[in-house]
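Enquirer: Chains as they are written, first to last, in the working numbering: chain A, -1 to 463; chain B, 68 to 415.
There's no promise every hint is true.
Which residues of chain B face chain A? A few of them, derived with a C-beta cut under 8 Å, are [said to hold, decoys possible]:
hint, residue
1, ALA122
2, ILE124
3, ILE149
4, ASP153
5, GLU154
6, ILE357
Treat the hints as calculated values from the structure; they're not laboratory data.
Bear in mind that the values here come from a model prediction, so they are computed numbers and not experimental data.
Ideal Cβ placement from N, Cα and C applies to all residues, glycine included.
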Amino acid sequence: MKKYTGSFQEKLKISVINRLIILIGAGVILLAVGMVMAVLVTHSKNARDNGSFYEERFHKIYRDGSAFLRGEALQNLCLGILLYEKDTSALPYLIYEFNATSPVNAKLVLNDKERNILFNSYSEQEWDLYKNVFNKAICANAFLVPYDRIYSSVYYFKGEYSSYVMSKPVYYQGRTIGYINLYFDGSDWEQYLSEAEYEGIITDTRGRVIFSSRQSFITGINKFVISSPNPIVYINGRRYWCNRRFLNEENVIIYSLIYYPKNNPLIITAFVIIAIIGFSWYRLAKNMMDAMAKSNASSINHLLSEIKIISQGNSEHRIRINTEDEFSIVGVHINQMLDNIHELNEKNTELLRINNITEINHLTAQINPHFLYNTLEIIRNLLVFDNRKADNLIIKLTQILRYSINSSRKYVYLEEDMAYIRDYLDIQKTRFEENLHFDINIDEECNKCIIPKLLLQPIICICHP
Amino acid sequence: MKKSVKKFFLLVLLCLIVAFSSWAYFGGIRSSVDGTLSEDKIVVYTSRTDNLLDATIPLFEEKYGIQVELVEDEIGQLLSRIREEDEAPADVIMGGTFSYMYSNRDLFYEYVSVNDKYILENYRNTTGLFTSYLLEGSCLLVNKSLAKGIKVEGYEDLLDERLKGRIITANPINSSSAYSQLCNILLAMGGYEDEGAWDYLMKLMRQVGEIASSSEKVYTSVASGIYTVGLTYESACIDLVRDNADVEIVYPKEGTLYQPAIMAIVKRSRNKEYAKHFIDFVTSKDMQNIYSNLLMKRSIYKDVILGEYLIPIQNIHVLEEDMEYVKESKLKILSRYSVIIDEIMGEH
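Next comes chain A alone, as it looks inside the complex (with noise of 0.2 Å):
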């Protein structure tokens, strides 16, 4: 009985535990991924944003630095005084009014196409020889630039900022007879863009460094390349989370930074937490499981103890199952069945009973009791008197019971129920003596035909009083 119940359970664990472990499987991938998309997610769009900061930042600088070089009121003094015809008293003033608005202090140096200074914002102790021979170069690189485009360049001394250099040549009658050099000083740039939340570094695209929010991003002599395309970096050891752009215009490339450490007990408590909830969860459902596949046993086992107990012969007991379930369905409908069958036998029974009624009534009707005794008292009288006679009138009586007890056949012939009335009526002969006249005549061919067994029998009796 229990082994059966058993195997039962266990198909339904097994049924249930392969969706379940693929359920559970996929919940902690999902969990996982999900965990790790997060963060990937968090840092990318940080870094984007940071450095869409840095670049809407720079790029205010730039516009307006472009705007200052190419407005008609600088071209056109820088145009007179590179033609001698104005002097230069008017520069300083329109210098103080960009300075004035601008969040990058410039210092503004006018050369002439020997690129000897005309004018230059910066004081003669700012001004050496390193500086001299830089903005030389620059003006030498501002020549090869395409018509009415501005060159870019970093100024760089050890020791001191880096310079954002802006260089635009003055032209006249399509030659290029001098330069307007603007240098955007790199102790402003730490303020102006203190306010960006994470790490960011603008470079040109040499790689060297207009700004840093990091002094210790910065190598060599004031250089800073990443030349991985891949997101994550490393820079002195620590990982970085890097956001890159690129400048056209303004030839450079701004460096967005994340500090992404390789958070090793992060990423352990993460997956531990995962493996626990994931475990968790299996034990909770495989509970539960075990708590259904138990309970549907338990019915099953309930209605089997009930049905033993009806199969070993106790046929008035009834099913009881209150589990509220199909199961207690099952046992209504089967206690409906041995209803109906208790029925039937009952109806059986009664029947049988008045059958058997029936049949001694039948034999009541065959031999009267009156019959039996008279006879049986004749039979005692004639013992004492004539013993030939009381044995004749015995194998008679002997006769009649057994032909009419005999309920083997139902039809028989019409000599043998004549036997029987012939043997009747010689025991009422002996008993009436000349009081009982009879005569039987009954034709040759009759003998053979079939009658229903003691057919004439009641006839006879009605017939004699």
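Given the coordinates of chain A, work out where chain B should sit on it, guided by the hints.
Expert: Just chain B now, with coordinates in the frame of chain A:
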């Protein structure tokens, strides 16, 4: 049917995850750099530890649009790397004494700078390989407070009784500046083969209080008042004077020896044209003016704009180096020096 639908959904989910992760991963570089970094590059191997190249490389890169990559190490290391590594990408090597570089002359490519004719005659490129770009002179550094009342104008004055044990020098066996000083002493006191010069050296070494393991210790000890006189080199002393240390530079009246700092193009260089530009650039008038005026280095040019603390070379008694002798005789000089040191150590 139902199963295949389920599979389809799983597949879609998987695809979504993959697409999403790749978006997150590569989104970061979607706007990646289009402007490629300049491929024009030279590699300079140098043993210089000062600010000379800081003032050179940004300018060179701006002017020529050629990137410079620096590899800094001891000169011996650099030379052995060039010799041993087939793929060593060195184009130019800077630093090192003439004799040391000369003994490795097979590594270098012949090039004479276009500026050679402007260089002081004694320091021009006679080998065809080595271009001088600075002069490094020996000198005496005197602590002004400690030397009060003691006349220190030349080597002869160092034998003063009062200076016994008050003099510091470095070991010429491992310091190139100390070796230059040794040559300076011998040359000033009579010559490399002169017995009088070696006698003087013996006397001088008896006066010396410490033979320092590094050249840096010599001038810092004098500046901090541990020793009265240091036998050291000019450019380090000028930096101290500029920083208002309590010191004075003395160019010995017997004479000062200037050794050229030299550079050369590596024979295996793959960017010889760029390397030539670099050599010409460092020896250009503009750069020499910057070195002299801004960095207070002794230029190889005669007429340069001098820095504030530089005495014009015309005012210094400059000794002429016996190049032919020095080329081959470093070992000879150093072994005789060692004998003297051993002798003095024995006396103690």
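Enquirer: The structure should be examined with respect to each hint, and the outcome stated for every one.
Expert: Against the structure, the hints come out as follows:
1. Hint on B:ALA122 holds. Least Cβ distance to chain A is approximately 6 Å, under the 8 Å limit.
2. With 8 Å as the threshold, the beta carbon of B:ILE124 comes within range of chain A, its nearest partner Cβ sitting at about 5 Å, so the hint holds.
3. A cut of 8 Å between beta carbons decides the hint on B:ILE149: the least distance to chain A is about 20 Å, and the hint is violated.
4. Taking 8 Å as the C-beta contact cut-off toward chain A, the hint placing B:ASP153 at the interface is violated, the least distance being around 24 Å.
5. At a threshold of 8 Å, the smallest CB-CB gap from B:GLU154 to chain A is about 19 Å, leaving the interface hint violated.
6. For B:ILE357, the interface hint holds, the least distance from its beta-carbon to any beta-carbon of chain A being 5 Å, beneath 8 Å.
In summary, the numbered hints that this structure violates are 3, 4, 5.
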